[in-house]
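> Taken in sequence, the protein lines are chains S and C. Note that the first sequence covers residues 1124 to 1760 in the working numbering. Note that the second sequence covers residues 4 to 529 in the working numbering.
What the hints contain is simulated information worked out from the structure, not anything from laboratory work. Incorrect hints may appear among the rest.
[As the list claims (entries may be wrong)] Distance windows between CB atoms, simulated:
1. Glu1725/S - Thr69/C: 19 to 29 Å
2. Lys1619/S - Ala510/C: 44 to 54 Å
3. Gly70/C - Thr1687/S: 47 to 57 Å
4. Ala377/C - Val1708/S: 21 to 31 Å
Everything numeric in this text was worked out from a predicted model, so none of it was measured. For each residue, glycine too, the CB sits at the ideal point set by N, CA and C.
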Amino acid sequence: MLDLVWLIPALPLAGFLVILVFGRILGEPKAGIVATAMTALSFVVTVGVFFDLVSRDESERHHVETLFSWIPVGSLSIDLAFLADPLSITMALFVTGIGSLIHLYAIGYMHGDPKFSKFFLYLNLFVFSMLMLVLGENLLVTFLGWEGVGACSYFLISFWHTRDSAATAGKKAFVTNRVGDWGVMMAMFLAFGAVGTLSYDGLNHAAEDGALSAVTATAIALMLFIGACGKSAQLPLYIWLPDAMEGPTPVSALIHAATMVTAGVFLMTRVNPVLEVAFDWAPTLIAIVGVATALFAATIAVAQTDIKKVLAYSTVSQLGFMFLAVGSGAYVAAIFHMVTHAFFKALLFLGSGSVIHGMHHEQDMRKMGALRLLMPVTAMTFIIGWLAIAGVPPFAGFWSKDEILLYAFAKSPILYAVGMVTALLTAYYMTRQVIMVFFGEARWKDRSEENGAHGDREPHESPATMLFPLVVLAGLSIVGGFIQLPFTKDLHFLEKWLHPVVEFGEADIKTSWAYENKYLLLVIAAVVALVGIAVSTLVYAKKRIAPIEPEILAEGWYYDRKITDFMGGPGRQAFDAVATVDNRVVDGAVNGVGRLVQRIAEAVRLTQSGAVRTYAAGVGVGVVALLIWFFLRGVVL
Amino acid sequence: MSTFAAATQGTLPFPILTALIAAPALGALFTVLSSNKRPEITKLIAIVSSVFTGALGLWLLASFETGEKGFQFTSKHEWISDWGIGWNVGVDGISLFLVVLTGVLFPLVIVGIDPHHNEKRYLSWLLLLEAGVMGSFLSLDLFLFFLFFEIVLVPMYFLIGGWGYDQRIYAATKFFLYTMAGSAFMLVGIIATAVLAERDLGFVTFDLVQIAEGASFATGTARWLFFAFAIAFAVKVPLFPLHTWLPDAHTQAPTGGSVILAGVLLKLGTYGLLRFGVYLFPEAALWSREIFLTLAVIGIIWGAIAATMQKDLKRLVAYSSVAHLGFIVLGTFAFSSQAMTGGVMQMVNHGVSTGALFLLVGMIYERRHTRQIAELKGLQKVAPIFAGVFMVVMLSSIGVPGLNGFVGEFLVLIGAFPTARWWTVIAATGVILAALYLLWAYQRVFHGEPDEANAGFRELKLREGLVLAPFLAIIVFCGVYPKPMLDRIEPSVEALLERVELVTGYAAPEAEPEADVAVSDQGGEE
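Can you make the complete structure from the sequences, with help from the hints?
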């Protein structure tokens, strides 16, 4: 079964090609069904590979499947090859699994869109790219997927490109990601220079064997982290993700919550031996950036009024948690949180999509309220997602977040404290969202009366194709945390499964205060989540406390606007200056020389006709004559 | 004789390289002689001769001995024996794909684009141009090369001047004089090289291989000679700051002229730097590498920034060429097998993707009679297939993996990193800028709601699609499976580097585990 790993990305690729050629003939809903079926089949193959891996000994859970030699030049030899091991297959499982659900959902969500089949064309191309990313045997195959998902993200964010904001958001995402990609390229160059290969095995073994110096390892790790900051929307490159919400909601769920944005976390985990060799400050830096992003984005989420923007900032924040885990050496916790987050954040996004669908494309939460009565399934599942992300036991998010905070505490209590504040805010703003959307008074009623003719457009529950994925994801958000329970070592299923791709981390923190009091931390985490929910309820449901939503938070600390202003202002002027200098100075000099020569020539023009055409014609005739003479001399044969 | 002169006629019973030059030349002659009253016959002659040349090119590709580093299919005949000038042609991995590209591009241009007037003269100039380009890529005789190198100028001048846009005369004259001025240095260089080589060889010859293998120039002399060649090529590339003829020539040239100019003509510069600059004067090339690396990197960034601010779509693509050619020069002067191989591959890649971009811009102009970005809007909505093709070509130009542009760019950068680290670090930021200027242009032209003027934009026609299809096929194939191409380029690049090593003692770096660092590191830690 392991040698069939290539089928996992090949199936969505086949779907892409089929829709590329027959998309218009297939139309709605067949194009969507083809795309969904291909992704689902890919999931089936992944499950097969998964069970094959499980049945093997731990040391044999590693299989490289080489298709062909991709870029071989001299000592550089890059294969188009896949690596099937616990880490890549874990990623592939939730990419194809959640991917299938979101494809199915999209059949309902995109109903009636004139570009229905094109949407699924891009969606399948995305799944293919994402699978190349996670299954790549070397950095370059991963990079192929990395750029591929970036391109698909661009297509899909600007899917409704006649809207200027969507077109701009797509471009912004691509260009910002490219800044990060520069880092990934640098990391590849460094790795090739240091170990002569780009394969993960080669790089990781070199790190484990001590063949990689701390300087190089640090440089590689930080360059990859720049790439991760771009793709996984961390400070200072997060700015594209909130704007990416311009894309259709299934895209937000699939790409900008569950899969693509976690690529950075995956990449750092993939090369974790390199991080281990790097100077200590490198992981610390990653942890600080992660926790800072987590807090920063959480504060912004508190004041958002767009239902998707709240979730977008929340995603940035949760990704920050994952980098906090990576920086704290808790790779298992990072992957754990990535998986649970994929469940509940996909659920929340799809739920919000269901709300938007039911509200006739209204995204402003101030115009919602009391929707639980009209959209019971959406509301129920959304509430489960809310409990999971808020960190209420025993839902999925509680366990993964707790594990991250445990390791963060062991690294530094400050990281833990900031993480805890973020967790409090998470519970707070998610409760705010649930109350604004599903509880309280129905504010959409006032509006429909205002709108007169549209007054009868009451919110409605979504069709079954959209609700089924919600129910499945809600189930996963409840039980997802049980793959890694903190109580005894026997319950560390994920950790045992990922070993030895990721070393057991527990030994490193065993002597710490945090580890000895891990049940206390568990209780604190639960209490903090409940406090956040309680305060938010007092503010938004009971209205006992006035909400604090200052403009500075609603505007995201003005960070994005400052950057936009800079790009449109001094940045643009500098670019303009270059173009002007090129035209006036560089080209001006050339024309100046030309004029000078012309003036001198005018003095002696009496002997010449001065027409370049005549000269050139003369040369041309001469050349042809020469050629003819040349052939006549018979030198050819 | 050494390996370089190893003449392999291959299995072909006739001198295919000579035929590659003769076929378009004869085509040019016959089109001139053809009747004015039967334009369809003229067109047929042009199509037949260019398609035949293209087929010969593909045949050459198929018969080319992979893994062979020397020149193949050589054919050598005395011509002006008193001066040692000969009809001396050959092909190796460095020139192979440029020859094939030339063979493929011309029929596509001839079939795909109709000139607006005087088709007969247009076609004969185009065919003469093809003969000149083929000759330049195949010549192994300095004099013969110069002859072809100059021939190329004439038809290009007339194509721009005769079939171009508003400021065509200005642009054509600028192109002609600028290049001519550069060539003057080369002519002096060529004659001086032959004269000086006579002292070592004992006889006068313009034979490239004989001079390279047999003559040894004094260091100072070689540097002067190298610069004489390099200036001509730097203008042709064009290398910053000698690039300003390019935007004018490109913008004013008719679509066919732009495609050929970007596709193959600019490669005469980068090819010349490798074939004549580095090969004849390795020490001088190595000595001056920092100058070229710096100018190349400035070109990458400068060209990209200037491209961003252009208001004319064609001018934007022209400036993007300055940036792309910078990568090729970076690859050449990085002196490592990956970078140089990547540079050679990038010559072809740039020809394909920029050639296709110019075709597409030409099609936009045909429909809208404007190239101003501000006057175009929302084309994706009215012409989705056209937009899709543009998108693929654009992504190739941006260097997205899976498409051809990435492979070349990546090889250049990864190869240059060990030998020219900081230049590479800066050059790689050009990848960000490429995304910026192309996506921004794409957004303004294709995204949004089409206004009245653009609402009637016609979708891609079948003929246009058929012309673009080979470009797309090459873009995807070379991105997914570049190995056949790399396998043919690399041995010749290795041979060139071996020669550099032989003459200068410079050794191209081989990536090896960080032995020295690791050892000292372990020593420190344990």
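> Each of the hints needs a verdict: does it hold here or not?
Hints, verified against the model:
{"no.": "1", "hint": "Glu1725/S - Thr69/C: 19 to 29 Å", "result": "57 Å, violated"}
{"no.": "2", "hint": "Lys1619/S - Ala510/C: 44 to 54 Å", "result": "49 Å, holds"}
{"no.": "3", "hint": "Gly70/C - Thr1687/S: 47 to 57 Å", "result": "54 Å, holds"}
{"no.": "4", "hint": "Ala377/C - Val1708/S: 21 to 31 Å", "result": "25 Å, holds"}
Hint 1 from the list above is the single one not met by this structure.
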